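Visitor: Chains B, C and D: place on chain A using the hints.
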Amino acid sequence: MNFDFSEDQKLLQSEAQKFLQQQCSNDLVRSVMEDGERFYAADLWQKMIELEWPGLAIPEQYGGHGLGYLELCVLAQALGGSLAPVPFSSTVYLLGEALKMAGSKQQQQEHLSDIAAGKLIGCVAVTERLGGSIHNLPDSRVINGKLSGQKAIVTDAMCADLALVSARNANNAYSLYLLPLDQPTVTRTPVNTLDPSRPAARLQFDGAEVEPLGAGGKGQQILEEVYDRAAVLFAFEQVGGCQAALQMGMAYSRERFAFGRPVASFQAIKHKFADMYVAQEIALANAYYAAWALASDAPELPLAAATARVSAIDAYFLCSKENLQAHGGMGYTWEFDCHLHYRRAQHLSVHLGGAPTWKNQVATELLATKTAKEA
Amino acid sequence: MNFDFSEDQKLLQSEAQKFLQQQCSNDLVRSVMEDGERFYAADLWQKMIELEWPGLAIPEQYGGHGLGYLELCVLAQALGGSLAPVPFSSTVYLLGEALKMAGSKQQQQEHLSDIAAGKLIGCVAVTERLGGSIHNLPDSRVINGKLSGQKAIVTDAMCADLALVSARNANNAYSLYLLPLDQPTVTRTPVNTLDPSRPAARLQFDGAEVEPLGAGGKGQQILEEVYDRAAVLFAFEQVGGCQAALQMGMAYSRERFAFGRPVASFQAIKHKFADMYVAQEIALANAYYAAWALASDAPELPLAAATARVSAIDAYFLCSKENLQAHGGMGYTWEFDCHLHYRRAQHLSVHLGGAPTWKNQVATELLATKTAKEA
Amino acid sequence: MDFNDTPEQAKFRAEVRAWLADNARLPQAGRLVRDMHLRFDEAKQWYQKKAAAGYACLDWPKKYGGAGLTPVHKVIWSEEVEKYTEPDDYFVIGIGNCGPAVMHFMPEQRRAELLPRMASAQDVWCQLFSEPGAGSDLAGLRTSARQSASGDWLINGQKIWTSGAQNSDYGVVLCRTDTSVSKYKGLTMFVIDMRQASVTVKPIKQMDRGQHFNEVFFNDAHIPDENRLGEINGGWEAALVVLMNERMAITASVPDGFAEFLKFVRRAELAGTPLREHPLVRDKLAQWYCLHAGVKASYYRLITAVAQGGVPGAEGAIGKLIAGRMNQEIADFSLQLMGEFADLHEPAAATDDGYFQDAILYTPGIRLAGGTDEIMRNIIAEQVLRLPQEPRVDKGMAFEDIPGG
Amino acid sequence: MDFNDTPEQAKFRAEVRAWLADNARLPQAGRLVRDMHLRFDEAKQWYQKKAAAGYACLDWPKKYGGAGLTPVHKVIWSEEVEKYTEPDDYFVIGIGNCGPAVMHFMPEQRRAELLPRMASAQDVWCQLFSEPGAGSDLAGLRTSARQSASGDWLINGQKIWTSGAQNSDYGVVLCRTDTSVSKYKGLTMFVIDMRQASVTVKPIKQMDRGQHFNEVFFNDAHIPDENRLGEINGGWEAALVVLMNERMAITASVPDGFAEFLKFVRRAELAGTPLREHPLVRDKLAQWYCLHAGVKASYYRLITAVAQGGVPGAEGAIGKLIAGRMNQEIADFSLQLMGEFADLHEPAAATDDGYFQDAILYTPGIRLAGGTDEIMRNIIAEQVLRLPQEPRVDKGMAFEDIPGG
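Chains as they are written, first to last, in my numbering: chain A, 403 to 777; chain B, 403 to 777; chain C, 90 to 494; chain D, 90 to 494.
By construction, these hints were calculated from the structure, which means they are not laboratory data.
As the structure is a prediction and not an experimental result, all values here were calculated from the model.
A hint or two may mislead.
Pulled a few chain C residues facing chain B out of the computed Cβ check, cut under 7 Å [stated by the list, open to error]:
no., residue
1, Phe92
2, Phe129
3, Leu243
4, Asn245
5, Gly246
6, Arg365
7, Glu366
8, Leu369
9, Cys379
10, Tyr389
11, Ile407
12, Gly443
13, Pro477
14, Arg481
15, Lys484
Lysine to any residue pairs mimicking SDA-like chemistry, simulated, CA-CA at most 20 Å apart [unchecked claim]:
no., chain 1, residue 1, chain 2, residue 2
16, C, Lys274, C, Phe129
17, D, Lys294, B, Gly438
18, D, Lys172, D, Val105
19, D, Lys163, A, Asn404
20, C, Lys385, B, Met403
21, B, Lys620, B, Cys561
22, D, Lys291, B, Gly731
23, B, Lys449, B, Cys561
24, C, Lys385, B, Asn571
25, A, Lys521, A, Lys620
26, D, Lys163, A, Met403
Note that beta-carbon positions come from the ideal geometry of N, C-alpha and C, so glycine has one too.
For reference, chain A alone in the conformation it holds in the complex (with noise of 0.2 Å):
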């Protein structure tokens, strides 16, 4: 048994993270949340296309690295801790793996090239209306080729060339398609989000040219897989604000003092540190696990994924409004860096799907089987 990530994975991570440090100040964050005109950090995007991250799990024979999830999951904790504003998530965890798990061999060899190259930027577009989820069929329809409807909320469509949309085809059988965005019947409008600094748009369909992923009927089951693979590199994202949260906070509380002694040094300060500390290790703890089960293609991944999302939605949630709340009132102004973890935690917690549907799933898994293994 090793349960680590090798000394190549680790050189990896370090190597990220001392990139961000210098490339993805929260200055370049607030670039983008503050400028309803950039869509993206353009110039961080290219330099992470300079060091080949979009193709790192893409196979050699598209032009990738062909390195595995494991990769991935660094990086993407490194990602999450410097809350890169770039549509890394978009293009790679969501519109990559679903192309590598439904794709037909000339969408993979088309998109996938182009994705390892840094040419294509992608986006998912599900989100219809209020609750809903990958779980619901679409109203979106598609007939003759021709895409109508509309998705109330996409991340990173401003910016994406490609997009995934779910749709019911002309049997009403939930389908999935891929959408090249730049074209006169697709309408995309910015909209204001909890995080701007990921912006998004509402898009409207009227007779769009799309093709399908994967066979027609097969959307739903396509998803759910491309989702649960997903939910842990969001997990891994998460976990990396977590940390940057909580170290953000125990900074701070150092530094400050009252009553003639540090912040830090007042109980009920340590026991919240304390509290977020146990609760970032515990999703870190599930992330790693969930990252061997997406490694290893194991069959416990539906429910270690969805335990690492619900682990890490509740960490950052906690780490990003307690370490807001450490800091007092200055936490509250929009001068101070703390929102900006708080917003990040809000949208990556609803981006998947809520809370409330990946507990469910994570009961689901639970109870399917009449052995308590899991136990």
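Guide: Showing chains B, C and D alone in chain A's frame:
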């Protein structure tokens, strides 16, 4: 608006507290708890009869004092604080209220007079199985005035004379009956419970003589109304318990030293007590509101009673377990009194049905009306 | 125990009800104006109107512009006025916090000059206590007041979190007048004229993009000695009077989000299932209602105690402690239920005018403003439960010697 | 990252599996024997049996009765042995806590005398640290050791919460040897022979009626100087070695109640509805599973770190902090679901052999034994996160001058 008890009621409360401090030591509580043959503190009960407490809220025509529910509330708070091991609640809040609400003139004349005179101890026998509550049709059955079946746990059954029993009648309709316990067709077997200071029995009926209380088929409705009323009084008992547990914890940690200072001066301990106090005050405030609804027969009673009960369950669990925690290792010993409150909290929290049932009642009542008047 | 009015109270309620029907505006469809600046002019007009009718500052003496009535009359007024959309609490800081300080510490002539104008909102007041380095540890503040030969005072330093500073005519300011004694002993409280050039107000942008608070800079600002509130170096005792009244005001007013959650549960469907039927949602609804109802009932108990002649204690901290956390939890829970759609922060697109999206961004402030959760627990532990203080490293130390970050 | 054995580990596992199949007993129907006393004789036999087969103390050197293997081999052993019903962890306190102290602080000859007998449970050991007045503040202990002219020591005082004291041959005892220096500096650690008449053991009755712990009284008990563990007045450093190993042992072993809850949810129906279909129950199940799985995965991380040559840190506090509270919450939640029936504390009548009724009464102990929740948080804050200590009123003070209750 006057959201407080009257001077007379406060006087009754302080006299009751003083009496119980003198007459109901924790040693007395333990004497019932540790002696499997004692089913209540008979001497204390006798003194309460001399003080005419059982008849406090029974109409004067039956030999009672004709006082109201508010007087019962202040008494309940004192009883809960002292952990009094007597069948007061079973006799007065439950059987007595059922008689007042649904008894025939003759039943009231006979039994309320006996309660007021201290000649009758009552109990309520409803629970037949795991998860069973007054909301489920019982399996026990009455045919031709003869009761057959069983009740799994009946508090005070070992010392009671008369039981209120739920059973289906010949038409399978949920009905209530009065059952004299001292007959050969009734088997009483003492059972161990979480709070041995309030002993209980399993009852077995083999054609026992009963007489109906209220109309056939009205059993559930009557019990629900009785339980709403009793819930308010139990909430006062629970709040009394919270107050005693909080005081016990604070007194101990003021005297106990660690690291050269009183344990009560550590912020983690102070904040623990602050949280206990907050829970207690919320429970008390909700109990006050429910007392008003009970005393004025307001339509808000089902909501107010359920609210008071839920808050009281939560508060007493918190206060009793954290009082124990604040005592450190000694709190876990049999010798210390912490577990007396912890056990009583468990008993009171399930005796009228657990928190989920009452929370559901809160939600049902809140959602029953279209206007948001309570909000 | 009853909720009925006495005959005198019933008469008062009837009068109030009739006057409001003629003079107050009913809520309109659409969104509540949450921005304080937009409400400022409305608020000034409303206060002057109610002052003219004799309904300003109900529990103040008549000679100071009040109505000479009781706290129970204030509750009756609140119950009636909350049916309307008037900004009736807008100047609560000046009237609720600064007013009692003026009444308590100033000579009769100054009271008569200042208070009636405050009551009718002719003058607007703010409270200048917190500083960048003195929040939870308020007595660690550094803004200095030096007395000149003439006896007047020169103020230098910076305050923060001052609501309404940019619209204020006067402020009550707490300053350090002696650094060589322990921190509680070298403070003095003053009334400052906010309209002088040496006072600069700079709004603070909050994380939710609102701007309800300000920084205030004093650069040799001037205060005549007649504006001193209480003794020189007696400022801490004076500040406690203000803080006590602040807490009483807070108790009744911290938004807990329950009404919005109930509305959401009543109306929303998720993926075809009404929320009202979902057991987990019902469980949360019940749990939060118990807290909501408990805080409300606690407030009735407090009002009853005050009406019976009691002094409001630190119990008000309960309401603030519960409401802040609960509102944040409600917002988070509701957003999680909505799924990815929750990320949409557009009033027109999101549910209930985007209430929960707004709330997730403003609730962190509730847990900080007017004392953090941690300070509220300290207050309950030390002032209500009388538990011993922690060891104080700065105890008895001259202010200038206390370690600072 | 993988969970596969290396070839060498796979071979070890196969050998262990085969040996256990021949030598260990499978769980039987009926109730687990929870009473420690009933298990004592069984445990002695089991330890001797596994020692004879070379499976005792897998990570100890062979010369001390161990197998000279690694922590990973211990994990493999645990995974295999937990399928059986043997009391394999019974002497964990002696072997896990006292053993390393003997190994660390005693001369080679004494190690060779004591450790092999400990490993095979020929001698049983207990740990004597806590006192009635020294729990969370362990270094505040008062049991005194005075050195006589011969160099031997006389022990007087009282210890508490000693597991297994009545069955022990030896104990590791921490005593005060100097009250005129600060509390951490006047302590010395010894090995004491528990079979002498001047040591009295008195069982403590717990609130759940169990008797797992004891009080131990020393009345001029005797210890030869060769049984000293480490330097005179160097006892605190020695105690830290013991406590570090205690924490590592605790991490893996605190019962969290999850397996029992899962079983309950799988099987129980309430009023005709299976628990497995109830959304609120499913929500709790998921929430607790996430903690349960997280603690387990944390333990794998810890084992991996130790196998890579790391030293177990205070991270083990996480598992204890979570498991204790969670087990208590699970018990409470389950009982509340059962309604009035939950009050029945009869194994035959209650559900799942009365597990939740037992648990509600023993879980308060988990939150106290081996360090309270509050101490666990202190440890995480100070030892893992390196946050500054609170001001210490007893800092540098001679022990005899420290205020006590």
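Visitor: Decide, hint by hint, whether the structure agrees.
Guide: Each hint tested on the structure:
1. This hint holds: C:Phe92 has a C-beta 5 Å from the nearest C-beta of chain B, less than the 7 Å allowed.
2. Interface restraint check: C:Phe129 against chain B, minimum CB-CB distance 28 Å, threshold 7 Å, status violated.
3. Below 7 Å, beta-carbon pairs count as interface contacts, and C:Leu243 has none with chain B, the closest being about 39 Å; its hint is therefore violated.
4. Hint status for C:Asn245: violated, given a least beta-carbon distance of 35 Å to chain B, over 7 Å.
5. The restraint placing C:Gly246 at the interface with chain B is violated, with a minimum CB-CB distance near 30 Å, outside the 7 Å limit.
6. The restraint placing C:Arg365 at the interface with chain B holds, with a minimum CB-CB distance near 5 Å, inside the 7 Å limit.
7. Evaluation of the C:Glu366 hint against chain B yields a violated restraint, the C-beta minimum of about 9 Å exceeding 7 Å.
8. The beta carbon of C:Leu369 comes no nearer than 11 Å to any beta carbon in chain B, farther than 7 Å, and the hint placing it at the interface is violated.
9. The closest approach between the C-beta of C:Cys379 and any C-beta of chain B is roughly 5 Å, which is under the 7 Å cut-off, so the hint is satisfied.
10. This hint holds: C:Tyr389 has a C-beta 4 Å from the nearest C-beta of chain B, less than the 7 Å allowed.
11. Because the beta carbon of C:Ile407 sits about 5 Å from the nearest beta carbon in chain B, less than 7 Å, this interface hint is met.
12. Given hint, C:Gly443 at the interface with chain B, is violated; its Cβ is 19 Å from that chain's nearest Cβ, farther than 7 Å.
13. Using the Cβ-Cβ criterion of 7 Å, the hint placing C:Pro477 at the interface with chain B is satisfied: the shortest such distance is roughly 4 Å.
14. Given hint, C:Arg481 at the interface with chain B, is violated; its Cβ is 11 Å from that chain's nearest Cβ, farther than 7 Å.
15. At a threshold of 7 Å, the smallest CB-CB gap from C:Lys484 to chain B is about 13 Å, leaving the interface hint violated.
16. With a C-alpha separation of about 37 Å, the suggested pairing of C:Lys274 with C:Phe129 is violated against the 20 Å cut-off.
17. With a C-alpha separation of about 18 Å, the suggested pairing of D:Lys294 with B:Gly438 holds against the 20 Å cut-off.
18. Of the pairs offered as hints, the one joining D:Lys172 and D:Val105 holds, with about 12 Å between alpha carbons and a cut-off of 20 Å not exceeded.
19. With a C-alpha separation of about 14 Å, the suggested pairing of D:Lys163 with A:Asn404 holds against the 20 Å cut-off.
20. Using a Cα cut-off of 20 Å, the hinted pair C:Lys385 and B:Met403 holds, with the two alpha carbons roughly 14 Å apart.
21. Our distance criterion of 20 Å between C-alpha atoms is broken by B:Lys620 and B:Cys561, whose separation comes to about 28 Å.
22. For a cut-off of 20 Å, the pair hint linking D:Lys291 to B:Gly731 stands: about 16 Å separates their Cα positions.
23. This hinted pair checks out: B:Lys449 and B:Cys561 have alpha carbons roughly 16 Å apart, not beyond 20 Å.
24. The straight-line distance between the Cα atoms of C:Lys385 and B:Asn571 is roughly 45 Å, outside the 20 Å bound, and the hint therefore fails.
25. Distance restraint check for A:Lys521 and A:Lys620: the Cα-Cα separation of roughly 28 Å exceeds the 20 Å cut-off, and the hinted pair is therefore not satisfied.
26. Between D:Lys163 and A:Met403, the direct Cα distance comes to roughly 12 Å. Compliance with the 20 Å bound is thereby established for this hinted pair.
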